[in-house]
Amino acid sequence: DAKTTQPPSMDCAEGRAANLPCNHSTISGNEYVYWYRQIHSQGPQYIIHGLKNNETNEMASLIITEDRKSSTLILPHATLRDTAVYYCIVKNYGGSQGNLIFGKGTKLSVKP
Amino acid sequence: DGGITQSPKYLFRKEGQNVTLSCEQNLNHDAMYWYRQDPGQGLRLIYYSQIVNDFQKGDIAEGYSVSREKKESFPLTVTSAQKNPTAFYLCASSRGTSGNEQFFGPGTRLTVL
Numbered sequence: 196d197a198k199t200t201q202p203p204s205m206d207c208a209e210g211r212a213a214n215l216p217c218n219h220s221t222i223s224g225n226e227y228v229y230w231y232r233q234i235h236s237q238g239p240q241y242i243i244h245g246l247k248n249n250e251t252n253e254m255a256s257l258i259i260t261e262d263r264k265s266s267t268l269i270l271p272h273a274t275l276r277d278t279a280v281y282y283c284i285v286k287n288y289g290g291s292q293g294n295l296i297f298g299k300g301t302k303l304s305v306k307p
Numbered sequence: 004d005g006g007i008t009q010s011p012k013y014l015f016r017k018e019g020q021n022v023t024l025s026c027e028q029n030l031n032h033d034a035m036y037w038y039r040q041d042p043g044q045g046l047r048l049i050y051y052s053q054i055v056n057d058f059q060k061g062d063i064a065e066g067y068s069v070s071r072e073k074k075e076s077f078p079l080t081v082t083s084a085q086k087n088p089t090a091f092y093l094c095a096s097s098r099g100t101s102g103n104e105q106f107f108g109p110g111t112r113l114t115v116l
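These protein sequence lines map, in sequence, to chains A and B.
Going by this note's numbering, the first sequence opens with residue 196, and the numbers climb by one from there.
Going by this note's numbering, the second sequence opens with residue 4, and the numbers climb by one from there.
I should point out that these hints are in silico values taken from the structure, not numbers from a laboratory.
Take the hints with a grain of salt, since some may be wrong.
[Unchecked claim] In silico DSS-like pairs for lysine-lysine, Cα to Cα no more than 30 Å straight-line:
hint : chain 1 : residue 1 : chain 2 : residue 2
1    : B       : K73       : B       : K12
2    : A       : K299      : B       : K12
3    : A       : K299      : B       : K86
4    : A       : K306      : B       : K12
Keep in mind it's a predicted model, so treat the numbers as computed, not measured.
Using the sequences provided together with the hints, build the complete structure.
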């Protein structure tokens, strides 16, 4: 599975959009981009995933560049409860192992 | 409510003792996973199981053992052979191993004294 690069930390004001970038320049054609988040001392929570089209759900939007070498997770109206570590993961959809390779992620701090 | 549970949330053991961490899911998922997380780090895969009575080593399996006798349960034993067992242990499950989102339990924080 390809590696990802994320900034170690970001701040965001409450109520504003949080835009979390991720570089995955070596992503291959059958690899999806997944986003998870982990609130302190809890298990990670799935947010969203996509292949090449932009995706939106009730939690967030995922924007993937046309060349698929980078993506951005958007939390449209960040709240204090969105403070967490956000992990960007690329995974081969057809992989037999199935595990997710977690890097260190981006620690997002939402401030009042 | 469907979900994945781990017990206990905090566990203390003396050095040299084996300890078993529980993981149960009622999501009817075929695949289950055990990860380890150290402070400030990402998750690392210990073992995974794609189906009952089958499991595979992950990246850091040494000093650990698992069993998968039932679909719902995937207990992890931390043996005395694990050199640095103090960590946060996370269990997850998914419908399959191909492209399915993983659901995580709340984790067990193991401290070996």
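Now the hints, each set against the structure:
For the hint linking B:K73 to B:K12, the alpha-carbon distance of about 22 Å falls within 30 Å, and the restraint holds. The hinted pair formed by A:K299 and B:K12 meets the criterion: a straight-line CA distance of about 23 Å does not exceed 30 Å. For the proposed pair A:K299 and B:K86, the alpha carbon gap of about 23 Å is at most 30 Å, so the pair holds. Of the supplied pair hints, the one linking A:K306 and B:K12 holds, its CA atoms being roughly 29 Å apart against a limit of 30 Å.
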